[in-house]
Amino acid sequence: MNNLIIAPLLIPLLTGVILLFLRKHIVAQKVLSMLSGLAIIATSGVLLGDVLTNGVGSYQLGGWQPPFGIVLVADSLSVLLVLFSSIILVATTLFTYKGLDLERKNYYYYPLVQFLLTGIIGAFLTGDLFNLFVFFEVLLMSSYALIVLGGTKTQLGESIKYVLVNVISSALFVTAVAFLYSMTGTLNMADLSQRIAEIGQPGLVTVVALLFLIVFGMKAAIFPLYFWLPGSYSAPPPVISAIFAGLLTKVGIYAIYRVFTIIFYHHPEITHQIIGILATITMIVGVIGAVAYNDLHKILVYNVVAGVGFILLGLSSFNEDGLFGGIFYLLHDMMIKAALFLLVGAIIAITQTTKMNQASGIIKHYPLLGWSFLVAALSLAGVPPLSGFFGKLALIQGGFLAEQYVFVGVLLLSSLLVLYSVMRIFFLVILGEDRLPETHNSGQIKGLVYPSVFLLVLSFLMGMGAEFVYPYVADATFTLLNPEIYIEAVLKE
Amino acid sequence: MRTNDVILKTATQLIIFIIIIFSIYVFLAGHHNPGGGFIGGLMTAAAFVLLGLAFDIDTVKKTIPIDFKMITALGLLIAVLTGVGAFVFGANFLTHTFDYFMLPLLGETELATALLFDIGVYLVVIGVTLTIIFSIGEDQK
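If you read the protein sequences in the order shown, they are chains L and Y.
Counting from 1, position 408 in the first sequence corresponds to residue 408 in the working numbering; the numbering is continuous, with no gaps.
Here the working numbering runs 1000 ahead of the position in the second sequence, where the first position is 1.
With the rest of the complex left out, here is chain Y:
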């Protein structure tokens, strides 16, 4: 029988957004400050794990109806394709570049193609972590 953990559930509903926003911040900061795809992905995964702890795995599956194995595959595909993309510009595999762009709201921003590769890493880390945790967790049934 589950105890009535209303405090945990309410707190989770708030905290989870803070964790995800922080993880995305860390993910984007990776180029100039400590952070990056790996740690950002782990934190995002941690947010989902918290959701799984406060509710249960079925709730998480209902909230995020995605196969995490596909997320891993998608991340790998993105990472490889950013490397292959360099061929289009006649450069070697994994050649990266950056430039400054004027973006609305953000002003002058440095955008690097390394970010695209990092999105791949981010997705792979989320996919792998959650696949591991949820496939172990499911065996309890």
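The following block holds chain L by itself, in its conformation from the complex:
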């Protein structure tokens, strides 16, 4: 039975509900959250193998035939993303054992994260546009609660902005869906794709496509809709920022990838060109921010913005290499961003400050932390043996094939500045003379470094074993470039 497709969605949902009953039992919550993460890794791993051998899988909720019912679609891209999200869940759960105060754990941290993951996995798996909206709301509601959890002054201020921006973009999402529904009369993505192909994407549909770009761009933080991100991602505690940076913007990127390869792909000279221009400016804005600040959080947060630009560039070139690079870089970016935020969380736990020039010399006392940060930084910039390299290489090839020389030039220059921004942290905070506050002790940091080491080892293996990852990403690329495979799998008779 192909109930396997819905398993990654049901596991966090059921776990989240059960954790609500276990509010007073923090230990049980920790154990169950971890088990849930491992179970999702296992099921999505099996599912991934299944998709590679048997092709795209679809699952009809309630047994209703598409396009009338809701379908879940498991293609390589969505299952890969589910797998990597659950890896991040495991790593961050490990981090919370020592890296999160009891107060927050007492107020439903673990169930909220499970519900967040339900929304994220649902958004990856769904094959219905309105259902995508609902799962977006599930993940946003959980993220509202997570961002404000603890109730410090900065958190309150930033969460107001965050909620406001997302409420507006959700309203726009509904409007866009309403326009599209009034034109096509369907909400199922495969059916939508067929109907739009029949009418050949007239100008009005392209307008709706751009409306979707605005909506998802707001979630994914592309230029000029990224303004909310720097504040809201640096307000919550490090582990929550790591989850956000690893997962939330990536759902927006995934939605852009999905919508612009399955539904609105008939006029790439308009839509994909605009995506390319916006992605390029996003990279520029991101690296300017990353280089400009002296605050650890701000540097990382602007690197998230730059990463969004890199990934979307792959969609803009819209050929095999570009999409392959985009997906590979997306997967790498999820892990590395989460790892970097966790590492910086550990650094801040030692130095008690987010400013770069107030403490240094971490590597003398915490060599593992220091060297992990170096590996993460080099991987982020895309130094050859590490995982960031192959994605960027394919992105550059794709850009050259699509003759987008300016975009590629900006990408290379941005990579250099990204490297500069994180190496600055390495040289100023991690190396340098011993200027750590008296309060630090090596015991408190032990549990905080291992989760990032776990993520870094995986990302290292992903770089070294790119050949092993290749068939999955290539299959995802192939499905994106040939929407009829997707449509066939969903609307099979």
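Because the hints were derived from the structure by calculation, they are not lab data.
Okay, derived cross-link-like pairs now, SDA-like style, lysine to any residue, Cα gap no bigger than 25 Å in a straight line:
1. 1061/Y x 21/L
2. 30/L x 1081/Y
3. 30/L x 1074/Y
4. 105/L x 1135/Y
5. 492/L x 200/L
6. 1062/Y x 1004/Y
7. 30/L x 1069/Y
8. 1069/Y x 31/L
9. 105/L x 1133/Y
10. 298/L x 284/L
11. 161/L x 134/L
12. 446/L x 38/L
13. 492/L x 55/L
14. 1069/Y x 144/L
15. 30/L x 1070/Y
16. 298/L x 164/L
17. 1069/Y x 1120/Y
18. 153/L x 1137/Y
Quick list of simulated restraints, FRET-style, between CB atoms:
19. 22/L x 1099/Y: 34 to 42 Å
20. 438/L x 1087/Y: 53 to 61 Å
21. 22/L x 1103/Y: 35 to 43 Å
22. 22/L x 1007/Y: 44 to 52 Å
23. 1004/Y x 156/L: 36 to 44 Å
24. 1136/Y x 55/L: 50 to 58 Å
25. 22/L x 1134/Y: 18 to 26 Å
26. 1136/Y x 154/L: 19 to 27 Å
27. 1042/Y x 156/L: 26 to 34 Å
To list a few chain L residues with every Cβ distance to chain Y over 10 Å, as calculated:
28. 105
29. 423
30. 460
Ideal placement from N, C-alpha and C gives every residue a C-beta, glycine not left out.
Please build the complex by placing chain Y on the supplied structure of chain L, with the hints as guidance.
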């Protein structure tokens, strides 16, 4: 100082049962007529809010000694489990079915598994509404 609102309190004691019965009626009617778990849950919650207005929150807590957050969790659990229950019969998630049964007093009645899902929705709505209202109300102290 509280004024002596004996009329309000007496009327509430009567009306609250009418509201709850009506809300349950609307809840059960949902399959064929306007109604359902959401509106039924809101009405039941409204009955408890009326109780809270006429007396005070402590009275409501004493009358209904339940943690409403647990009601929400229970409702969610029921809703998810009715979906999962379809697996037992080899059907897809959330597959629903219905059949006719002879019940005592009611005669031939159509019973749908969608009602079980709706019970979940009903409980979640009650739980969430009352958690919101009572946790805001408590801050006055």
